[in-house]
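From the two separate chains plus the hints, produce the assembled complex.
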Amino acid sequence: MAARPTPPDRTAPGGRNPRFPGYDVLSQRGTWDAVTAGVVLARTGPQPALRFFTPAEEAVAEPLLDHLLAQWEEPRVPVLRMVDARLAELQTDGWRYTDMPEDPQAWRRSLAGLDVDAAARHQGAHFADLDRPHQAGLLQAVQDLGSDRWHGMPAGHVWNLWTRYACTAFYSHPWAWNEIGFGGPAYPRGYARLGIGVREPWETADQAPRDPVQRDRAPRGPEGDGT
Amino acid sequence: MTAQGGHRPDPGGGGRAASAFQTLRQSARTHRAVRERNASAWLLPNDGTRFDHALIDRMRRYPDGDEVDLVIVGCGAGGATLAQRMARAGWSVVVLEAGPFWDPDTDWVSDEAGSHHLYWTEPRVISGSDPVPLGSNNSGRGVGGSMVHFAGYVPRLHPSDFRVLSDHGVGADWPLDYADLRPSYERIEEELPVAGQYWPWGDPHSYPYPPHPVGGNGEVFLRGAAALGIEARVGPVAITPGRFGNRPHCVYRGFCLQGCKVNAKASPLITHVPDALVHGAEIRADAMATRIETDPHSGLATGVRYVRGGREHVQRARTVAVAGYSIETPRLLLNSADRRFPEGLCNDHDLVGRYLMVQGAPQTAGRFAEEIRMYKAPPPEVTSEAFYETDPSQPYVRGFSVQNISPLPITWAEHVAAQGHWGEDLRAYMRDYVHWATLGALCEFLPYADNRITLADEHDRHGLPVADMAYSMGDNDRQLVKAARTAMEDILKAAGATEVITIERYAHLVGGCRMGRNATEGVVDADLRSFAVPNLLITDGSVLPTQGSANPALTIMALVDRAALRLAEGARSGLRAPVRDTGTV
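Residue numbers (my numbering), protein chains in the order written: chain A, 29 to 255; chain B, 665 to 1249.
A couple of the hints might just be wrong.
[As the list claims (entries may be wrong)] Partial pick of chain A residues on the chain B-facing surface, computed with a CB cut under 8 Å:
{"id": "1", "residue": "69"}
{"id": "2", "residue": "80"}
{"id": "3", "residue": "223"}
[To be verified] If you anchor each label on the Cβ, the simulated ranges turn out as follows:
{"id": "4", "chain 1": "B", "residue 1": "975", "chain 2": "A", "residue 2": "229", "range": "52 to 58 Å"}
{"id": "5", "chain 1": "B", "residue 1": "729", "chain 2": "A", "residue 2": "118", "range": "32 to 38 Å"}
{"id": "6", "chain 1": "A", "residue 1": "175", "chain 2": "B", "residue 2": "1234", "range": "49 to 55 Å"}
{"id": "7", "chain 1": "A", "residue 1": "229", "chain 2": "B", "residue 2": "723", "range": "43 to 49 Å"}
{"id": "8", "chain 1": "B", "residue 1": "729", "chain 2": "A", "residue 2": "77", "range": "46 to 52 Å"}
{"id": "9", "chain 1": "A", "residue 1": "148", "chain 2": "B", "residue 2": "834", "range": "32 to 38 Å"}
{"id": "10", "chain 1": "A", "residue 1": "175", "chain 2": "B", "residue 2": "1059", "range": "24 to 30 Å"}
{"id": "11", "chain 1": "B", "residue 1": "721", "chain 2": "A", "residue 2": "119", "range": "46 to 52 Å"}
{"id": "12", "chain 1": "B", "residue 1": "797", "chain 2": "A", "residue 2": "233", "range": "32 to 38 Å"}
{"id": "13", "chain 1": "B", "residue 1": "1139", "chain 2": "A", "residue 2": "119", "range": "34 to 40 Å"}
[Claimed, not checked] Covered stretches of chain B (chain A as the covering partner; in silico rule of three or more C-beta atoms under 8 Å from a C-beta of chain A):
{"id": "14", "region": "776 to 785"}
{"id": "15", "region": "879 to 890"}
{"id": "16", "region": "1070 to 1084"}
{"id": "17", "region": "1095 to 1106"}
If you're looking for bench data, these hints aren't it; they were derived computationally from the structure.
Don't be surprised by glycine CBs; every beta carbon is placed ideally from N, CA and C.
Chain B with its partners taken away, still in its complex shape (with noise of 0.2 Å):
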């Protein structure tokens, strides 16, 4: 069933046959079976507009003083996953958002620097010795969450990455298994929905849509990897050909990054949010969080005050699911010491904030005597995983994936100004955008203890301290950076190119509150259940132990599916306190 090993030329998946029967299968498949348990798709406008004001309007809205079933605090892949799972199930939801309601005819534009406001922009301090710059890929705002913006990449983990500590002796091990996701994955994949070539690499599996037509930039990767005799295929991104509901075809219009106005790339806003809302869930937008409340007596989480149009609130509520991203959940638990957990809501074990993860992201670039216009299609179109595991014959463990991405000229100019050029020199590299290619990797960074968010003394306009993110990279790390450069010139030389330039980043934040076995491992189970206090979880990619070298939003909605399920079947009628299973999943 799973595959393993390092960089194979094909990996051929689970036999040829096998292969082109289960992708006939899913892809023969008709919708009914997804929008019986997920209507969102179908809930949005038919007419040329793409979203249903009206959905807004007939929203449910609930008195703080209601005692709701549950709070979710942030809208975005976690939050709004978890939102729809529960109305569904019958719960009485609430979410909070700090950001805006999103309406992708009015709010959004092709147009990089007029989507600045899709990012989270609220200060905060950034340090170690690699201080990671944060904002436009790997912060988000607003109903949809950082997934509005998110390349639209969704790959999943490899059965390996669930054991890197027993595999290698460094990381962490999760306190599930693949075998435990793959259900929930098999779910996401049909609700985003996904499209994608058959995929040998991990668990090979299929995906529910063919995969879309390449630009110039995927044709270069393709050419590059064939002649290097390394597998490439085309996939896996959340973005509809054909129609999905009354989503449309993509029309390549290249934009992803700016918040896709076709309704073709996924995002909570249109995948999970109007079926949340039919279902009764409220989703109350420009209301920020500042606090978890909960009962010295008891020990349980009693709702979350927040603050809305200048004024103060608290939203009463029998569960607290906080799913604010790598550095606002942490931020919140930390910012809601008290009595009880003078370190910060659940931080008896000096976890919260700790094993924080970025993935080291360099993007290199190759000149071609052609035109690529790597503008035109959706920036994510074509993957290789085949550097993904380990490979015994390299000094380093894990490995990276290598996909192509595709700067718009503001991000290009980033590009071409890190190599140092100014001036006419800058100028002149850029009138020779239409001539360049661009491959990205995802380098598997591993968990750290020091890499981490504390509270600094400076505050935001809240009157809260604001987060400040320490990243620091181990040896491991840099030999990836380097291996995965390589590679990537490599590819790009193979395909033609006459230049390479590599400007080094990162991508992705995952951890800050890691799940674990156990209370002194993890700040939530496997079910996304904090030890601490019995009512509250953290529904976000905080709990992510490692991150593989995959984009994280596939697994963290995933993980809130499973957690969902396990929530509806266990902790309704009337528990206040969820059961905790005894012992790992």
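In isolation and in its complexed conformation, chain A is listed as follows (with noise of 0.2 Å):
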């Protein structure tokens, strides 16, 4: 990518907002409820220490989120300590399959597991000590395993799991809602721009309208970015 000139954007992952520049659903909490207002913004505070990961398992859980939602570069939502908070507190939805452990249990157990595969495939290296396309190609691995099993439990089920607890950390962050130009919460007030490209006065517009699948396509992965 080419080097960018604006200077970083605090409220957007990663320092940058292409698509909604400026846009910042925060600037809107005063017109939320109390309640809602308290929940949101607890998750811009700061988060508690990790209580459920243990170091070795923080060494893989870590780069393991990194590269799923390609979180590369500061500010970054905080997702590592969102899911061991979630993890630590059973935070679930309750249901397993009957052929996976609970999530927590999953989680320790597909963490060790990729660091068998990282030893496995490069000389007994640990995940966290892989450069990024060696990290990517175990977890591409993985996902291409489909529904085979993988250390003992179906890999699309494990997969599921990462990106379930991934993407409920990251998109419940206002930095993420900035970036793709969710109105957030609306309450009391509600919203009166109802209908087909049309917006509320305080909503930005999509300022790179590209649809992802016109665009060149990368190789499905992590790597468009950060390198």
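What follows is the structure in structure tokens.
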């Protein structure tokens, strides 16, 4: 990617908001009800220290989550801590596939699995020691297994577990909303401009309405940016 | 009266003039008649807050030792409707609800991740060849049940839904007809109340309120359907346009699925609970039912054992109704096994837990050059039932409906991630969010005996075995999903979509304790009374023998409205065991 002339945007993940430059949903927080504002703003404040992941697991989980969400630059949505908090507090959906352990156990096993894969394919290395393309290669290999088993679990269910937790954390954060142009909470004010091609006065138009399908497609994976 | 037939470009209902007259007459009606039978909307506060705490403070409270007329397990669509009806009929009623007594002002937020507590997240196991993830779109918790976070779509079943077995040799027939349910549909539609255009499908009918304005997503649907000559209509949704009692107009904030903070979208918390409370019902929140108590000599139910605040209680009652929905109701019956019912209460014929159904709910999104901003306006807006009935030219029977749905960012990320996108690819797709519109189908999956709830080896924190839900799709089901996907892709492309992406998912839950004409066919009869224990009713979605392509909430409430009327007519005045009907209704 070419050098970016604009100064970093402190309210967008990675400091860039190419589609909705300058848009900050938090500027509307005065119009939100207090309970909602409390819940949303808490995500922008300090996050609890890690309680669930062991240091060895943290070393795998952090790059795994960075890859899944392509978070390579500051400011980052603190996805690792948000996932850790959910697992520590057992804030799961309750259900589990009959061929999967409970979510916390599935996380531990899958993180250990990535380290085992790294050692097997890269001369005893830890996952965290590998460079970004090699880490991505190991993740792609898990995704490519589909419904085949991987370290005793169906790979598809593991992939689903990872992306579910990663996306729930990332896209609950107002910085991520800025990046996608989402209007955010709207109670009690509501939305007044309904319909195709209309916006609330405080919403920002898409400045680079580029169809993700039409662009030159890089190979699927995390390496489009930040290299 | 009833209209049949599959995909028709313009079904037109019962004639243009008659439709117009019916619509006008219904929308001109005053609220008085509704208020006289259910004053809930007028019992809500009128000062900008959303629930009157005095209703709870002044609530009648029964000691466990009192034998009340009726104890109900679960305060969702079925339980709350029954409580309101029976309290109105003069019965003493206690409702045991496992979750909390919600206050929309303080307990609900306009936020996806912050609404996790609205779902039933106790441990469960899912199995089968097509395991169905649970949680957000098929479970509820707390007073109001899953309707607290349902989308608000409230279509009726079609007359053909009641005789799928007779017509097609698959599925089941109901022990009642559409006509038996029609008056109940009409009553509930007035009480929710429902907004929508004149409905030309099934049994054509009008709605009490005019349709809502549509947002970008709904516009896309209408545009695409019009281009293809497919009839689509706005509604039917249980969301107030204008004012209903002290419930204000919808503000189109788009967070219907996170609990309506406005009080515009219906849930039993605001449509039936307030009226139940002022008529003497007690709603005992945070009370987890663990067992239905029965008397071995009389064979009757005597009450419900439950845990509240860490202590075990038994609420005695002359009649027991279970309304825990399709997983917890069978689980409670199975966990209530005794010497008379070694395989689980009411399970003499191995029917408890079986014939569980979900609807296939593929979700197709289309990319548009314009900004759609699908997060605005209620996600339920536009529906087509043009594909609802069996189309003889297709290899499958029964059909599907199409509705627009509007995923918020986290749900949208799941949709995108399910395509296999991750990393920068995922982020790029997500940044394009405002350009996408989404449709969802509801496919009528057929009931199969092996799709069922059983007890797993695992136990919950109460020490009770958790539910294992096994689900496998049949061939007809798969064909429906495929057809629905094609239809949605066609509609979106006709509206101008440059790319379409689909995820396969499921929605809703019904069945598990189905109704039948006799004890070998169903767990309960058409009046929702169990065949095995005369004073035990099951009043929730688990009784549905088939499901059509309609969202189930309205039908659950209508079935309970009907059952409550019959219970009140026949079973008061000291009769512990309601008189059984002979034959079908």
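Hint check:
Taken as an interface hint, residue 69(A) does not check out: its beta carbon lies about 11 Å from the nearest beta carbon of chain B, beyond 8 Å. A cut of 8 Å between beta carbons decides the hint on residue 80(A): the least distance to chain B is about 17 Å, and the hint is violated. Satisfaction of the interface hint for residue 223(A) is found here, the shortest Cβ-Cβ separation to chain B being roughly 6 Å, below the 8 Å cut-off. One distance hint, 52 to 58 Å for the beta-carbon pair residue 975(B) and residue 229(A), holds here, with the actual separation near 55 Å.
Between residue 729(B) and residue 118(A), the C-beta spacing of about 36 Å keeps the proposed range 32 to 38 Å intact. Separation of residue 175(A) from residue 1234(B) is about 53 Å and conforms to the stated range, judged on CB atoms against 49 to 55 Å. Roughly 45 Å separates the CB atoms of residue 229(A) and residue 723(B), a value that falls within the hinted 43 to 49 Å. Here the CB-CB span from residue 729(B) to residue 77(A) is close to 50 Å, well matched to the stated 46 to 52 Å.
Between residue 148(A) and residue 834(B) the CB atoms are about 50 Å apart, so this pair departs from the stated range of 32 to 38 Å. In this structure the supplied range 24 to 30 Å holds for residue 175(A) paired with residue 1059(B), their Cβ-Cβ distance being about 27 Å. A beta carbon spacing of about 31 Å between residue 721(B) and residue 119(A) contradicts the range 46 to 52 Å that was offered as a hint. Between residue 797(B) and residue 233(A) the beta carbon distance is about 36 Å. The supplied range of 32 to 38 Å therefore holds.
For residue 1139(B) and residue 119(A), the Cβ-Cβ distance of about 38 Å falls inside the hinted range of 34 to 40 Å, so the restraint holds. Residues of the region 776 to 785 of chain B with a Cβ under 8 Å from some Cβ of chain A number 7, which satisfies the need for three, so the listed coverage holds. Coverage of the region 879 to 890 of chain B by chain A holds [criterion: at least 3 residues with CB-CB distance below 8 Å; count 4]. For the region 1070 to 1084 of chain B, the stated coverage by chain A is satisfied: 8 residues place a CB nearer than 8 Å to a CB of that chain, which reaches the threshold of 3.
Coverage of the region 1095 to 1106 of chain B by chain A holds in this model, with 5 residues showing a Cβ closer than 8 Å to a Cβ of that chain against a need of three.
Hint violations for this structure: numbers 1, 2, 9, 11, all remaining hints satisfied.
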